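Asker: Spelled out, the chains give:
There are 2 protein chains.
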Amino acid sequence: MASIPDWVVDQGRSSRPATLKDVAGRAGVSVTTVARVLHDNGYVSGATKDLVEAALAESGYQINAVAQRLRTQRSAEIGHILHSISPNPFFAGVALGSEQAAADYGCTVLIHNTHGDPDIERAGVEALLQRRVEAILFTTVTDERNVLLAVAAGVPVVQVERVTETATHAVTVDNYRGAFDATEHLLLLGHRRIACLGVNPNSGASNANAPHRRVVEQERLSGYIDALLRFGLPVDDGLVILGESYYDLAAVCTSVRRWLDAPADRRPTAIFATCDIIAAGILQEAYARKLRVPGDLSLVGFDDTYASYLTPPLTTVRQPMAELGRVAVRLAMASRTDAAATTHPQTERLTTQLIVRASTAPPA
Amino acid sequence: MASIPDWVVDQGRSSRPATLKDVAGRAGVSVTTVARVLHDNGYVSGATKDLVEAALAESGYQINAVAQRLRTQRSAEIGHILHSISPNPFFAGVALGSEQAAADYGCTVLIHNTHGDPDIERAGVEALLQRRVEAILFTTVTDERNVLLAVAAGVPVVQVERVTETATHAVTVDNYRGAFDATEHLLLLGHRRIACLGVNPNSGASNANAPHRRVVEQERLSGYIDALLRFGLPVDDGLVILGESYYDLAAVCTSVRRWLDAPADRRPTAIFATCDIIAAGILQEAYARKLRVPGDLSLVGFDDTYASYLTPPLTTVRQPMAELGRVAVRLAMASRTDAAATTHPQTERLTTQLIVRASTAPPA
DNA sequence: GCTCGTTCTGGCATCGATACCACGCCCGCT
DNA sequence: AGCGGGCGTGGTATCGATGCCAGAACGAGC
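These protein sequence lines are chains L and W, in that order.
Residue 12 is where the first sequence starts when you use the numbering used here, and the numbers rise one by one after that.
Residue 12 is where the second sequence starts when you use the numbering used here, and the numbers rise one by one after that.
Everything labelled a hint here was simulated from the structure, so no lab data went into it.
Just so we're clear, the structure is a prediction, and the values are computed from it rather than from any experiment.
Just to be clear, a hint being listed does not mean it is correct.
Derived DSS-like pairs: lysine-lysine, alpha-carbon spacing no greater than 30 Å straight-line [unchecked claim]: (1) Lys32(L) - Lys60(L); (2) Lys32(L) - Lys301(W); (3) Lys60(W) - Lys301(L); (4) Lys32(W) - Lys60(W).
Whenever a hint applies, use it, and build me the whole structure from the sequences.
Answerer: As structure tokens, this is what we get:
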């Protein structure tokens, strides 16, 4: 007498998930036939098709993606390295966009939060390479060598809101234009003492491995300066404060306090902050001094993350965060097939949009 | 003459990544030996170890995690289903915590944003099951059946900040206590007309598949009511507005406007909002009416997401977001091994913390 | 009657890493 | 001298899905 087939054992809730073999046994056909029904390709007679479909349903079969990937050599995954999805919503916004576009390619996105730690970043890149991801996006880079690691492995790399010497694809917004628009908006309102709070484009120059957003910062600063010049105004060094990073709020805050504590005739009448979070901090400082925004002080932010939730709602330069993520994924996936794209890195440039809300008005 | 071995072909940047076999060929040993060096187990002589390590380095070998997982039957992945990591930072905070704890188990977290769409949610759960994730966390649920889907598959499930009849592990904060503390804080300051803005615990009752955070909402409402009763105050139905969901701001806003437009002697002197985002909206409404916070109106939020960025900084009930995620992962991983845990769902309850900032003060 | 093409089905090697088993060797102990 | 055990190494089945190839059955056309 024949021995009891494997598939007779109870496929209960706690046992291993069913395999193609299990289903084949249950239906009394070969695994090949089950696979054909599953993917609806090849020739299968109506009768056996019904038989197999019943067996599939009974066993609660779910395809094993791990085995499938090994066999087909397609991981269907995209890695995304970034600072942290919280608390700065900028990263979460980009991540969300990348997820949307990845879905169009049947891919899922693996997010790696580095928290600015180069070791975590390196471990993240290596983990992604081991998983054979189809592309890697960098929305922050702490150590430039980690980008090279990915490039050397032959994986398509796209840097988001970041421009460096490393030859990879990139997608950024027109930061110069964004900063110019913001400053011009204040100038057109009649402001003449306009301060700028940003991040030093030259910071990290001593550390060759951490050129944090340098070009982006330079562009924003240039946009501010050029707008002033266009209006025939000199750049007052005392009205420009550049921190070490976007997360270095402490330094920025003390500078702002000095400005706000100055007598009205020497105080800036408007401030352009290159990040909504910094702008939020300034709002609080102004509030503590009973300075009215926009009455005594106009304020423009950057990013449009927190801006709409603030009081008053903040005029800001909107970055198309989700679109940055989407374009990054498309660029990466296109370069997989297009041979020319691999050798000639491409840079996509999106436009920002000045969102005028209630934090800006003509000076008193 | 022997044919040219495979590994002689250039392992250049654009070719397939090296396999154990490639490395073995290069070093002139067996794959078994290479594996032994790689994992530093078993016996390997110093000489061959050096040989193999050189070969590993030369070929830029990165282990193939896909093959490894198929063979070891461990996906080292945890799925996390949530509404969306942006713009509400609550989810991002929980996700971050889950990622941290997952790392302790050598796991990575796969985030699925459902955007409140039951079809996306279902597809997400199925994708996770197909990847054979070791556990699934639900920080939002749109369709209860999707939880059952995961449970039926035998995967450990943990619901975060959510209590339902479905018998799964859960981790929540003490919402009753949080709401009680917030209301009590206002009462102790001397407020007597305290309004409450929340989400209707009975909403979705008509739709059996979408009992959105019902218990959590009930607890928050009860905490508010009980604090009033403790002070011998009646509950004024006109001062309680419950929206359909946290994302249904429109309805909430119109109600708030009605309150704020009322004459001062009928206007609430304080509002307890069960979400920072709602509180931010109230701040803006108050500002537009030139009502001073906390002078004319005190305000308490919930979550501590946006709270510290607002003007004035918002008094709020802090939820330990990251800790929620961490505990959820620990609960899930523990239940994998502990048989008793599977049958007896466990609920962990974390404590909230009232963070007093500048949006609350005694009534005028 | 033979060939050819279409329909239907099963066998099996393969993706890459792992783990078990087997074999050979050298050394020390009885 | 013989034997057991610690070393050092290689062979190979396996995880589960895929896709090529083989082959059988049947009808149509010459």
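Asker: Regarding the pair lysine 32(L) and lysine 60(L), is the alpha-carbon distance no greater than 30 Å?
Answerer: Satisfied, since the Cα-Cα distance of roughly 16 Å is no more than 30 Å.
Asker: CA of lysine 32(L) to CA of lysine 301(W), is that 30 Å or under?
Answerer: Roughly 71 Å separates the two Cα atoms, so the pair is violated.
Asker: Would you mind confirming whether the straight-line C-alpha gap from lysine 32(W) to lysine 60(W) stays at or under 30 Å?
Answerer: Measuring from Cα to Cα gives roughly 16 Å; hence the hint holds.
Asker: Given the hint that lysine 60(W) pairs with lysine 301(L), test it: the Cα-Cα distance must not exceed 30 Å.
Answerer: Violated. Lysine 60(W) to lysine 301(L) sits at ~71 Å, over the 30 Å cutoff.
In this structure, the earlier hints numbered 2 and 3 are contradicted, and the remaining ones agree with it.
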